[in-house]
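Please build the complex by placing chain B on the supplied structure of chain A, with the hints as guidance.
For the record, the sequence lines run as chains A and B.
Note that the first sequence covers residues 1 to 287 in the numbering used here.
Note that the second sequence covers residues 288 to 574 in the numbering used here.
Calculated directly from the structure, the hints in this document are not laboratory data.
Treat the hints with care, as some may be off.
In the SDA-like style, the derived pairs of lysine to any residue whose C-alpha atoms are separated by at most 25 Å in a straight line are [unchecked claim]: (1) B:K300 with A:L47; (2) A:K44 with B:K553; (3) A:K44 with A:K190; (4) A:K44 with B:E315; (5) A:K34 with B:M288; (6) A:K13 with B:K562; (7) A:K41 with B:K352; (8) A:K17 with B:E417; (9) A:K41 with B:K562; (10) A:K275 with B:K328; (11) A:K35 with B:K352; (12) A:K35 with B:P341; (13) A:K38 with B:E289; (14) A:K17 with B:D426; (15) A:K34 with B:H307; (16) B:K562 with B:D426; (17) B:K328 with A:I56; (18) A:K38 with B:F330; (19) A:K35 with B:D426; (20) A:K34 with B:N326; (21) B:K329 with A:T9.
2 protein chains.
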Amino acid sequence: MEIDIECITCFVKQAEKLIHKFVRNKDERIRIMKKILKNSKKFKAHLVPIELSPSIYHELSKLLKVEDLYEEEKNLTNQKALEIKLFIENLLKESGDPFHTGVKLSIIGNIVDYTLEGISEMNLENFIREFEKKQLFYDDVEIFRQEIEKAETLLYLTDNSGEIVFDLVFLEYLQKLYPNLEITIGAKEKPILNDVTLDDLKKLDINQSFTLVSTGSDLPGNQEKSFKKEFLPVYKNADIVISKGQGNFEGLFESSRPIYFALMAKCPYLASFLKAPEKSMIFKKNQ
Amino acid sequence: MEIDIECITCFVKQAEKLIHKFVRNKDERIRIMKKILKNSKKFKAHLVPIELSPSIYHELSKLLKVEDLYEEEKNLTNQKALEIKLFIENLLKESGDPFHTGVKLSIIGNIVDYTLEGISEMNLENFIREFEKKQLFYDDVEIFRQEIEKAETLLYLTDNSGEIVFDLVFLEYLQKLYPNLEITIGAKEKPILNDVTLDDLKKLDINQSFTLVSTGSDLPGNQEKSFKKEFLPVYKNADIVISKGQGNFEGLFESSRPIYFALMAKCPYLASFLKAPEKSMIFKKNQ
Numbered sequence: 001m002e003i004d005i006e007c008i009t010c011f012v013k014q015a016e017k018l019i020h021k022f023v024r025n026k027d028e029r030i031r032i033m034k035k036i037l038k039n040s041k042k043f044k045a046h047l048v049p050i051e052l053s054p055s056i057y058h059e060l061s062k063l064l065k066v067e068d069l070y071e072e073e074k075n076l077t078n079q080k081a082l083e084i085k086l087f088i089e090n091l092l093k094e095s096g097d098p099f100h101t102g103v104k105l106s107i108i109g110n111i112v113d114y115t116l117e118g119i120s121e122m123n124l125e126n127f128i129r130e131f132e133k134k135q136l137f138y139d140d141v142e143i144f145r146q147e148i149e150k151a152e153t154l155l156y157l158t159d160n161s162g163e164i165v166f167d168l169v170f171l172e173y174l175q176k177l178y179p180n181l182e183i184t185i186g187a188k189e190k191p192i193l194n195d196v197t198l199d200d201l202k203k204l205d206i207n208q209s210f211t212l213v214s215t216g217s218d219l220p221g222n223q224e225k226s227f228k229k230e231f232l233p234v235y236k237n238a239d240i241v242i243s244k245g246q247g248n249f250e251g252l253f254e255s256s257r258p259i260y261f262a263l264m265a266k267c268p269y270l271a272s273f274l275k276a277p278e279k280s281m282i283f284k285k286n287q
Numbered sequence: 288m289e290i291d292i293e294c295i296t297c298f299v300k301q302a303e304k305l306i307h308k309f310v311r312n313k314d315e316r317i318r319i320m321k322k323i324l325k326n327s328k329k330f331k332a333h334l335v336p337i338e339l340s341p342s343i344y345h346e347l348s349k350l351l352k353v354e355d356l357y358e359e360e361k362n363l364t365n366q367k368a369l370e371i372k373l374f375i376e377n378l379l380k381e382s383g384d385p386f387h388t389g390v391k392l393s394i395i396g397n398i399v400d401y402t403l404e405g406i407s408e409m410n411l412e413n414f415i416r417e418f419e420k421k422q423l424f425y426d427d428v429e430i431f432r433q434e435i436e437k438a439e440t441l442l443y444l445t446d447n448s449g450e451i452v453f454d455l456v457f458l459e460y461l462q463k464l465y466p467n468l469e470i471t472i473g474a475k476e477k478p479i480l481n482d483v484t485l486d487d488l489k490k491l492d493i494n495q496s497f498t499l500v501s502t503g504s505d506l507p508g509n510q511e512k513s514f515k516k517e518f519l520p521v522y523k524n525a526d527i528v529i530s531k532g533q534g535n536f537e538g539l540f541e542s543s544r545p546i547y548f549a550l551m552a553k554c555p556y557l558a559s560f561l562k563a564p565e566k567s568m569i570f571k572k573n574q
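This is chain A alone, in the form it adopts within the complex (with noise of 0.2 Å):
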């Protein structure tokens, strides 16, 4: 999935928040724009949209002198999550087909990110329960739930904050239907947007039969290209890959691996690649 120039547009939008959010200074404010935008002479047409990133994220951390960008975001996102676990948890285990729900449920996950600006709790269970009501726009869970029966190692690659406490509750129910599947989660290297880093991870309370490792990236998703030495034997051994969000997908829909991509199509652009509605939920096996 290659940028087109909504990408760009897109990115100078996120820019222009996060300008906001730290400088004051009206002019201080377009001196930092438009070193942003001179960055765009390394913008090329086969960039995958998450390699836009380090242009814009990792310079402007420099000019604003903030190495962790969303630290309050992702914080707040982890701590409203938290306070519906339990919700989450229920919403799973009194669904007809737990399994199938668990899927759909760490999708939710994923819009929840920028769902949450000014919804209180209650909003954002009810918000929960009318997603967990529709149906996958792509739905590969049959073959999904037919291979994990066979399987002894899963990798799951995570996304957003927030959005992994979902993510933690479905592979709590997967670690007690397979007691034997060894489940390693995939974080972020290093600070970037709302992304879950390993160091993020380890903050959590989370169950000590699962590994935790990082996959070398500090993009907001994940290229075969620049795994970590490291994590490339994890990645190519693991039975099954689950890989989470958009920036995962646009770094590795094209991988010769299999690899189950579970999303909701937040961007019209990338709604448009998956020939898919806008905010539809998708689990799709790359082959």
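Relative to chain A, chain B alone:
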């Protein structure tokens, strides 16, 4: 009203739309977008938003080899508005206070440019009727009414195509009410966005008692410093000046001569500058 970074983002978004409109090849689209973004080196904190325009639109005209980027939209909106001219005239005539309604209709015309997308004529009529029921957020109509009673000359600075039909209904009403009032209509010099140019004006069937002039501007708004020599006395000597739309507001609101600004607060940045809600209707004298 000086730019902030959201004005930059907004212009980038508009460039994106135009590039998609004219360029089929993705690599070529990215090449052109990068050229546009390179122009950001010209952006300075004290510019008013319309002054960002040449680096975007004039540059796009050159790169795309299209002189009038919005020719099609201009013709379409004029055509649609002309089809309902009688409806607008009747709305004015049948209202309890045609003078006040005329002001309001001219402002409603200012929002028609971006509501026309995909709406039928019937919806357009409903849309106008809905807005006609609403109050002006700033309402200097009574001061204007008192002033026009004594005025000999009125200069009317136009904004968009489509909107111009609403303006003409209002001006024809004023002409009937004040047969001795000399009305001059000032349009842009060269194509810029969907703004009415002097050439566009001449193509319309306009009451021959009106004088049609170009202000000299090739920006999507007028500024005193960019008026052409021949236009300056028209502007200086007019008893009353009415300025339509956001671009003219940006360029003229801080002028030393009295001007009535008639516009819809279309963009969030302008709305916050005016301390008005978005989409509110403004009829405000600058002093």
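Hint-by-hint comparison with the structure:
In summary, the hint linking B:K300 to A:L47 is supported, as the alpha carbons are separated by about 20 Å, within the 25 Å threshold. Straight-line distance between C-alpha atoms of A:K44 and B:K553 comes to about 34 Å, which puts the hinted pair past the 25 Å bound. Restraint check for A:K44 and A:K190: the C-alpha separation of about 24 Å stays at or below 25 Å, so the hint holds. For the proposed pair A:K44 and B:E315, the alpha carbon gap of about 11 Å is at most 25 Å, so the pair holds.
For a cut-off of 25 Å, the pair hint linking A:K34 to B:M288 stands: about 19 Å separates their Cα positions. With a C-alpha separation of about 23 Å, the suggested pairing of A:K13 with B:K562 holds against the 25 Å cut-off. Restraint check for A:K41 and B:K352: the C-alpha separation of about 22 Å stays at or below 25 Å, so the hint holds. Restraint check for A:K17 and B:E417: the C-alpha separation of about 34 Å exceeds 25 Å, so the hint is violated.
Straight-line distance between C-alpha atoms of A:K41 and B:K562 comes to about 38 Å, which puts the hinted pair past the 25 Å bound. Distance restraint check for A:K275 and B:K328: the Cα-Cα separation of roughly 38 Å exceeds the 25 Å cut-off, and the hinted pair is therefore not satisfied. For the proposed pair A:K35 and B:K352, the alpha carbon gap of about 29 Å is over 25 Å, so the pair is violated. About 20 Å separates the Cα atoms of A:K35 and B:P341, which keeps this hinted pair within 25 Å; it holds.
Between the alpha carbons of A:K38 and B:E289 the distance comes to roughly 21 Å, so the proposed pair stays at or under 25 Å and holds. For the hint pairing A:K17 with B:D426, the CA-to-CA distance comes to about 33 Å; that exceeds 25 Å, so the pair is violated. Under the criterion of a C-alpha separation no larger than 25 Å, the hint pairing A:K34 with B:H307 is consistent with the structure, at around 23 Å. Taking the CA atoms of B:K562 and B:D426, the gap is near 14 Å; set against the 25 Å cutoff, the hint holds.
Distance check on the hinted pair: B:K328 and A:I56 sit about 17 Å apart at the alpha-carbon level, within 25 Å; holds. Between A:K38 and B:F330, the direct Cα distance comes to roughly 12 Å. Compliance with the 25 Å bound is thereby established for this hinted pair. About 42 Å separates the Cα atoms of A:K35 and B:D426, which puts this hinted pair outside 25 Å; it is violated. A threshold of 25 Å between alpha carbons decides the hint, and for A:K34 with B:N326 the separation of about 9 Å falls inside it, so the pair holds.
Between B:K329 and A:T9 the alpha-carbon distance is near 19 Å, which keeps this suggested pair within the 25 Å criterion.
Of the numbered hints listed earlier, those contradicted by the structure are 2, 8, 9, 10, 11, 14, 19.
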